[in-house]
Amino acid sequence: MDVQTAFPPDRSLIDALRSGDDDAFAHLLDRYHASMVRVATLYVRDRAVAEEVAQETWIAVLRGIHRFEGRSSLKTWIFSILANQAKTRGRREGRSVPFSALYDSQESVEGDLEPAVDPTCFKGDGWWRDDSHPHEWSNTPESQYLSDEVRRCVQRAIDALPPAQRQVMTLHDIEGMASEEVCNMLGISETNQRVLLHRARSKVRRALEQYFDEH
Amino acid sequence: MSIRKQTLYNGEWVDELTCKEFVEWVTDYLEDKLPAEDGRRFDAHLAQCSGCPHYLEQIRQTIRIAGKLSEASIEPQARRELLRVFASWKAEHQRGDDPQ
Numbered sequence: 001m002d003v004q005t006a007f008p009p010d011r012s013l014i015d016a017l018r019s020g021d022d023d024a025f026a027h028l029l030d031r032y033h034a035s036m037v038r039v040a041t042l043y044v045r046d047r048a049v050a051e052e053v054a055q056e057t058w059i060a061v062l063r064g065i066h067r068f069e070g071r072s073s074l075k076t077w078i079f080s081i082l083a084n085q086a087k088t089r090g091r092r093e094g095r096s097v098p099f100s101a102l103y104d105s106q107e108s109v110e111g112d113l114e115p116a117v118d119p120t121c122f123k124g125d126g127w128w129r130d131d132s133h134p135h136e137w138s139n140t141p142e143s144q145y146l147s148d149e150v151r152r153c154v155q156r157a158i159d160a161l162p163p164a165q166r167q168v169m170t171l172h173d174i175e176g177m178a179s180e181e182v183c184n185m186l187g188i189s190e191t192n193q194r195v196l197l198h199r200a201r202s203k204v205r206r207a208l209e210q211y212f213d214e215h
Numbered sequence: 001m002s003i004r005k006q007t008l009y010n011g012e013w014v015d016e017l018t019c020k021e022f023v024e025w026v027t028d029y030l031e032d033k034l035p036a037e038d039g040r041r042f043d044a045h046l047a048q049c050s051g052c053p054h055y056l057e058q059i060r061q062t063i064r065i066a067g068k069l070s071e072a073s074i075e076p077q078a079r080r081e082l083l084r085v086f087a088s089w090k091a092e093h094q095r096g097d098d099p100q
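From first to last, the protein sequence lines stand for chains A and B. In this text, residue positions in the first sequence follow this note's numbering: the first is 1, and each later residue adds one. In this text, residue positions in the second sequence follow this note's numbering: the first is 1, and each later residue adds one.
If you are wondering where the hints come from, they were derived from the structure by calculation, not from laboratory data. Glycine is no exception: its CB is placed at the ideal position from the N, C-alpha and C atoms. There may be inaccurate statements among the hints.
[Said to hold, decoys possible] Negatives, chain A to chain B, calculated, CB over 12 Å: (1) P9; (2) R31; (3) H66.
[What the hints assert, rightly or not] One-sided excerpt, in silico: chain B residues whose CB lies under 8 Å from chain A: (4) I3; (5) V14; (6) E21; (7) G51; (8) Y55; (9) A66; (10) S70; (11) A72; (12) S73; (13) I74; (14) R80; (15) R84; (16) K90.
So that you can see chain A by itself, here it is in the shape it has in the complex (with noise of 0.2 Å):
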């Protein structure tokens, strides 16, 4: 996100496609490979099935190039060629959920049954108990909140997540896609969005919370 202006702008990037140019080509690998092999895990569930949807994804951006039309970003062109790879793929696999599925059940309506914070952390008149009171994580420098092991409990927290929430939190917090791009890709509305963000976060957060309090 705060690195998006320093590379060039998209019609550049698609006339040096066209042209041929290897270093185009190498520089929206660098950039966006990774991400698609992270994003097609949310649809197959399987790193190895998700890394060939991302390969043959650039095999269809090439293919269609010639006739990309600019209406859309490059991203959000090559992300929608993704997720139709990776759903086709995950049906074919009989591995994912029907999208529409898992957004009209439960888990993304049923709001008050699953708070942000468990219910016994508050007092009768719904301030924070002294014992539950929330406190700073760590008294160490910014570097600590980053460590490898830290990061790793909240990928743990993210696979952790009923689907719904987990592809939201990808989507819009790795990603770092606007609220507007993640319910295009999902179809939700953008109040479902926020209420499955709203929830995954939550997790996540006590996951760590967990975490810094053991360590």
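Keeping the supplied structure of chain A fixed, place chain B upon it in accordance with the hints.
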């Protein structure tokens, strides 16, 4: 329904928000989706509670760490293979079936 306590914030009286409600509003707040009046209640709570500022910061840290997970890069083998795919695609186009 009990009557809500009011609290003075920036010279204005707003309905008090509890911590239990605060934690459910955090995402709407961070995504800038709270209506103005609710935003004031949220800010008022933030100013008078000693626990919720930490809670909000923890959520922000959670998001920041999740963002760091995107820093993985392409496997060298996949990169090599795909560059080969690109080379053969290019060769095909240069044989004359370039739609341009």
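Against the structure, the hints:
1. A/P9, annotated as away from the interface, keeps every beta carbon of chain B farther than 12 Å; the closest lies near 20 Å.
2. Remark: the non-interface label on A/R31 conflicts with the geometry, its nearest Cβ contact in chain B lying 9 Å away (cut-off 12 Å).
3. A cut-off of 12 Å between C-beta atoms contradicts the statement that A/H66 is not in contact with chain B; the least separation is 5 Å.
4. For B/I3, the interface hint is violated, since its Cβ never comes within 8 Å of a Cβ in chain A; the closest pair sits about 14 Å apart.
5. Look at B/V14: its Cβ only gets to about 16 Å from chain A, farther than 8 Å, so that hint breaks.
6. With its C-beta approaching chain A no nearer than about 7 Å, B/E21 sits inside the 8 Å limit, and its interface hint holds.
7. With a cut of 8 Å, the hint placing B/G51 at the interface with chain A holds, because the nearest CB-to-CB distance is about 4 Å.
8. For B/Y55, the interface hint holds, the least distance from its beta-carbon to any beta-carbon of chain A being 4 Å, beneath 8 Å.
9. Given the 8 Å rule on beta carbons, the hint for B/A66 holds: about 4 Å separates it from the nearest Cβ of chain A.
10. For the restraint placing B/S70 at the interface with chain A, the shortest Cβ-Cβ distance is roughly 5 Å, inside the 8 Å limit, so the hint holds.
11. Evaluation of the B/A72 hint against chain A yields a held restraint, the C-beta minimum of about 4 Å falling below 8 Å.
12. A least Cβ separation of about 5 Å between B/S73 and chain A falls short of the 8 Å threshold, and the interface hint therefore holds.
13. Evaluation of the B/I74 hint against chain A yields a held restraint, the C-beta minimum of about 4 Å falling below 8 Å.
14. Using the Cβ-Cβ criterion of 8 Å, the hint placing B/R80 at the interface with chain A is not satisfied: the shortest such distance is roughly 10 Å.
15. At its closest, the beta carbon of B/R84 sits 11 Å from a beta carbon of chain A; the interface hint therefore is violated under the 8 Å criterion.
16. The criterion of a C-beta within 8 Å of any C-beta in chain A is met by B/K90, whose closest approach is roughly 4 Å, and the hint holds.
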